[in-house]
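Undergrad: One letter stands for each residue in the lines below.
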Amino acid sequence: MNPLVVNNVVKHYADKTAVSGVQFEVSKGEIYGLLGANGAGKTTTMRMILGLIYPDQGEIKYNGKPYSNELLKNVGYLPEERGLYPKIRVSEQLIYLAQLKGMSAKDADRSLKYWLERFEVPENYNKRVEELSKGNQQKIQFISAVIHNPQFIIMDEAFSGLDPVNVELLKATVKELRDNGASIVFSTHRMEHVEELCRNITILHRSKEVVKGSVKDIKSKFPKEKVWLQTKEEVAGLEQLSGVKAVHRHENGLEIEIAEEKVAAQILNHALSQTEIEHFQVKEPTLNEIFIRTVGDRNE
Amino acid sequence: MKSLLERLVIVMNNFWTVVRFTVMNKLKAKAFIISTLVFLLIISVVVNIPYIIMQFQGGGEDKTQTVGYIQDGQSLGSVTGQQLEQYFANIEGSKLTFKGFATSGNAVSDEETLKSELNAGELYSYLQFGEATDSGFPEIIVKSEKLLDYSVASQIEAALQVIRHNNILSEAGLTEQQMKELQAPIVVDAVQIKGSLSAGGEGEGKTAEEQGVNMGIIYFIIIFLFMAVMISGQMIASEVTAEKSSRVMEVLITSVSPLTSMFGKITGMFLIVIIQLASYLAVGAINLSLPHNAEMLKELNIDLSVVDPMLLVFAGLYFLAGFFLFATLYAALGSIVSRTEDLGNAVMPMTFISLAGFYIAIFSISTPDSLLVKICSHIPLFSPFVMVLRLGLTDIALWEVLVSFAILLVTIYLAVVLSAKIYRTGVLMYGKRPSMKELRKAMKAYKI
Numbered sequence: 001m002n003p004l005v006v007n008n009v010v011k012h013y014a015d016k017t018a019v020s021g022v023q024f025e026v027s028k029g030e031i032y033g034l035l036g037a038n039g040a041g042k043t044t045t046m047r048m049i050l051g052l053i054y055p056d057q058g059e060i061k062y063n064g065k066p067y068s069n070e071l072l073k074n075v076g077y078l079p080e081e082r083g084l085y086p087k088i089r090v091s092e093q094l095i096y097l098a099q100l101k102g103m104s105a106k107d108a109d110r111s112l113k114y115w116l117e118r119f120e121v122p123e124n125y126n127k128r129v130e131e132l133s134k135g136n137q138q139k140i141q142f143i144s145a146v147i148h149n150p151q152f153i154i155m156d157e158a159f160s161g162l163d164p165v166n167v168e169l170l171k172a173t174v175k176e177l178r179d180n181g182a183s184i185v186f187s188t189h190r191m192e193h194v195e196e197l198c199r200n201i202t203i204l205h206r207s208k209e210v211v212k213g214s215v216k217d218i219k220s221k222f223p224k225e226k227v228w229l230q231t232k233e234e235v236a237g238l239e240q241l242s243g244v245k246a247v248h249r250h251e252n253g254l255e256i257e258i259a260e261e262k263v264a265a266q267i268l269n270h271a272l273s274q275t276e277i278e279h280f281q282v283k284e285p286t287l288n289e290i291f292i293r294t295v296g297d298r299n300e
Numbered sequence: 001m002k003s004l005l006e007r008l009v010i011v012m013n014n015f016w017t018v019v020r021f022t023v024m025n026k027l028k029a030k031a032f033i034i035s036t037l038v039f040l041l042i043i044s045v046v047v048n049i050p051y052i053i054m055q056f057q058g059g060g061e062d063k064t065q066t067v068g069y070i071q072d073g074q075s076l077g078s079v080t081g082q083q084l085e086q087y088f089a090n091i092e093g094s095k096l097t098f099k100g101f102a103t104s105g106n107a108v109s110d111e112e113t114l115k116s117e118l119n120a121g122e123l124y125s126y127l128q129f130g131e132a133t134d135s136g137f138p139e140i141i142v143k144s145e146k147l148l149d150y151s152v153a154s155q156i157e158a159a160l161q162v163i164r165h166n167n168i169l170s171e172a173g174l175t176e177q178q179m180k181e182l183q184a185p186i187v188v189d190a191v192q193i194k195g196s197l198s199a200g201g202e203g204e205g206k207t208a209e210e211q212g213v214n215m216g217i218i219y220f221i222i223i224f225l226f227m228a229v230m231i232s233g234q235m236i237a238s239e240v241t242a243e244k245s246s247r248v249m250e251v252l253i254t255s256v257s258p259l260t261s262m263f264g265k266i267t268g269m270f271l272i273v274i275i276q277l278a279s280y281l282a283v284g285a286i287n288l289s290l291p292h293n294a295e296m297l298k299e300l301n302i303d304l305s306v307v308d309p310m311l312l313v314f315a316g317l318y319f320l321a322g323f324f325l326f327a328t329l330y331a332a333l334g335s336i337v338s339r340t341e342d343l344g345n346a347v348m349p350m351t352f353i354s355l356a357g358f359y360i361a362i363f364s365i366s367t368p369d370s371l372l373v374k375i376c377s378h379i380p381l382f383s384p385f386v387m388v389l390r391l392g393l394t395d396i397a398l399w400e401v402l403v404s405f406a407i408l409l410v411t412i413y414l415a416v417v418l419s420a421k422i423y424r425t426g427v428l429m430y431g432k433r434p435s436m437k438e439l440r441k442a443m444k445a446y447k448i
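Each protein sequence line maps, in turn, to chains A and B. At position 279 of the first sequence (counting the first as 1) the number is 279 in this note's numbering, and the numbers step up by one without a gap. At position 30 of the second sequence (counting the first as 1) the number is 30 in this note's numbering, and the numbers step up by one without a gap.
In case anyone wonders, no lab produced these hints; they're calculated from the structure. Quick caveat, the model's predicted, so the values are computed rather than measured. All clues stand as given, with none of them false.
Keeping only pairs whose Cα atoms sit at most 25 Å apart, straight-line, the calculated SDA-like set for lysine to any residue is:
| no. | chain 1 | residue 1 | chain 2 | residue 2 |
| --- | --- | --- | --- | --- |
| 1 | A | K113 | A | V167 |
| 2 | A | K106 | B | K26 |
| 3 | A | K127 | B | A29 |
Partial list, derived from the structure: chain A residues whose beta carbon lies under 10 Å from chain B:
| no. | residue |
| --- | --- |
| 4 | I53 |
| 5 | Q99 |
| 6 | V129 |
Some chain A residues flagged as far from chain B (calculated, every beta-carbon gap over 10 Å):
| no. | residue |
| --- | --- |
| 7 | S20 |
| 8 | K127 |
| 9 | L132 |
| 10 | H189 |
| 11 | V210 |
| 12 | K212 |
| 13 | G213 |
| 14 | F222 |
| 15 | K226 |
| 16 | N252 |
| 17 | E257 |
| 18 | A259 |
| 19 | E276 |
| 20 | T286 |
For every residue, glycine included, the Cβ atom is placed at its ideal position computed from N, Cα and C.
Take these sequences, add in the hints, and give me the full structure.
TA: Quick look at the structure:
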């Protein structure tokens with residue numbers, strides 16, 4: 001049985017349904033992506049996993065057992081909005097939070113120093129949080145979620161507010177936590193992160209699951225509707241081929257939207273008959289496109 | 001299945017971690033240190049004000065004040081002046097002395113003489129005599145440069161009363177023995193007795209002296225409780241709101257159960273308030289025991305040994321119970337607002353309730369037997385203030401105290417359950433302050 005099982009949970013708030021029948025499992029050493037537009041039910045789902053609120057129906061099991069207070073020290077949480085004491089020193093508050101998770105002050109201190117070193121900010125140890133830049137605060141927040149080496153990690157918008165260098169740094173860390181066996185639930189609006197990190201995802205829309213499965217399967221289920229073409233010389237008459245919906249001319253190539261996958265072969269033949277081909281690719285839809293299509297369609 | 005003991009150990013560990021964190025952060029906070037120091041300074045000044053005022057009044061207690069008058073040897077005024085001079089000279093340690101100045105025969109130049117003596121600092125004030133009055137003494141005017149200084153005038157009044165009294169009595173031919181008898185003070189002692197078994201222990205009721213000391217102690221306890229509730233209530237509520245508005249609460253509640261964190265915070269604040277108030281007391285006591293204040297303290301003549309220990313025990317219990325009742329409610333109120341700006345409005349009801357309890361107790365201190373006091377001593381939020389009155393100043397039946405305390409304990413239990421629920425719900429609700437209805441709905445939705 002997988003360490004984290006979310007079984008058909010339903011949550012109503014007074015007059016509206018926040019989450020309706022969400023179901024997924026996270027295995028050991030896996031990052032599970034939870035996607036959705038704002039208000040789709042991600043945060044409610046995460047709060048239920050964290051045990052802050054209880055589902056009206058369905059159940060959540062951790063290592064086969066229902067939620068209990070002892071579980072708290074095995075859970076790390078990175079909230080969407082940053083939550084730290086602004087006027088208290090980094091060392092004091094992180095050791096405090098780690099102690100609440102059952103660590104000794106000494107272990108917590110050692111762990112904190114390791115993580116600060118790891119994020120290349122050891123000088124923040126004695127600073128107050130309000131003195132830190134947004135990116136550095138984010139690093140401290142991240143440390144607060146993982147300092148006690150939890151088995152379950154819930155990350156809501158882990159990389160917001162970071163520059164690309166630090167995003168890479170944290171991404172590498174998340175992967176390492178995964179490889180060390182943590183079960184991670186991860187939410188973000190940045191689809192390229194999902195593609196890189198998550199094995200399986202759920203896209204929520206208006207409290208319901210609309211797309212679910214492994215990233216690979218999801219992509220293969222959506223038709224390939226784009227062709228990338230780079231040729232030595234200009235190719236004429238592409239627009240006239242049947243099945244070609246649009247041709248976008250980019251600086252170093254053409255992006256062609258097609259109605260069906262088999263049109264791609266016709267494009268290739270058409271181009272070959274005119275000139276030499278440098279690059280030809282039938283592109284998979286990106287998660288971004290899938291997201292916009294699934295969530296966008298239903299908006300109408 | 002984990003043993004209950006193990007779970008308890010986790011909860012207690014977390015509890016003390018929260019307590020320690022709360023106390024340490026408060027003690028280290030600049031605002032707290034500065035406000036405490038300022039208050040200590042104010043206390044030091046206030047305690048020494050009587051002494052300081054005395055210093056400013058020119059010369060302090062050892063310096064005598066000289067009052068001048070014109071001596072012409074025959075007029076009624078001169079005789080009165082002479083009598084006053086003798087009277088004050090005979091009183092040991094008197095701070096007033098009188099000095100006669102020979103007349104020049106001219107009233108205007110006489111006054112000029114006295115005025116110049118006053119300017120030279122030789123005289124504190126001088127007397128002017130007018131027409132004779134029915135009292136047997138002339139009209140007397142005390143002239144001095146001081147504004148509204150009645151002390152000389154009233155001392156002269158008192159002295160003349162005695163002088164006249166003695167004159168008339170000796171003219172009537174009374175013996176010295178008879179005069180002494182007439183002047184001996186009559187003493188009536190009020191001792192309060194009790195009819196039935198009371199909470200005051202075995203005793204024979206309360207003597208006037210005990211009542212006096214008890215009254216002082218009660219004032220002290222009521223003010224102490226009120227300050228503790230107001231200071232810590234505000235601090236608890238604003239700490240909770242600050243944790244909520246900085247969103248650190250979301251991280252906290254995934255680490256420690258809300259109940260543990262709430263009680264950890266309350267206990268931490270309790271320690272802080274006790275430390276703070278104890279330091280005020282200590283500084284006040286140190287200042288009072290400085291040599292120059294020793295005499296004043298002696299005059300107050302407080303004998304703490306007459307205080308009934310049972311009063312202190314009950315007062316302590318009521319203090320603790322009252323503190324925790326208010327503190328839990330303040331924590332709950334702090335948890336429903338998400339911004340510090342909204343906090344004032346939210347805690348207003350609690351502030352009014354504690355003010356009401358405080359004033360009912362303070363204003364009823366002379367009527368501790370009134371119906372209002374009896375009723376309020378059973379109303380949970382008022383009883384910590386009001387019950388000490390009845391304990392200290394009346395002989396209240398033990399069962400009444402127990403009933404009142406039981407009501408208080410039940411209320412605390414209910415308040416804790418309710419506050420825990422509000423807290424648990426409130427910390428997850430952001431945005432505008434929720435109404436009672438919204439709060440109830442949310443509680444239902446969160447299944448709390």
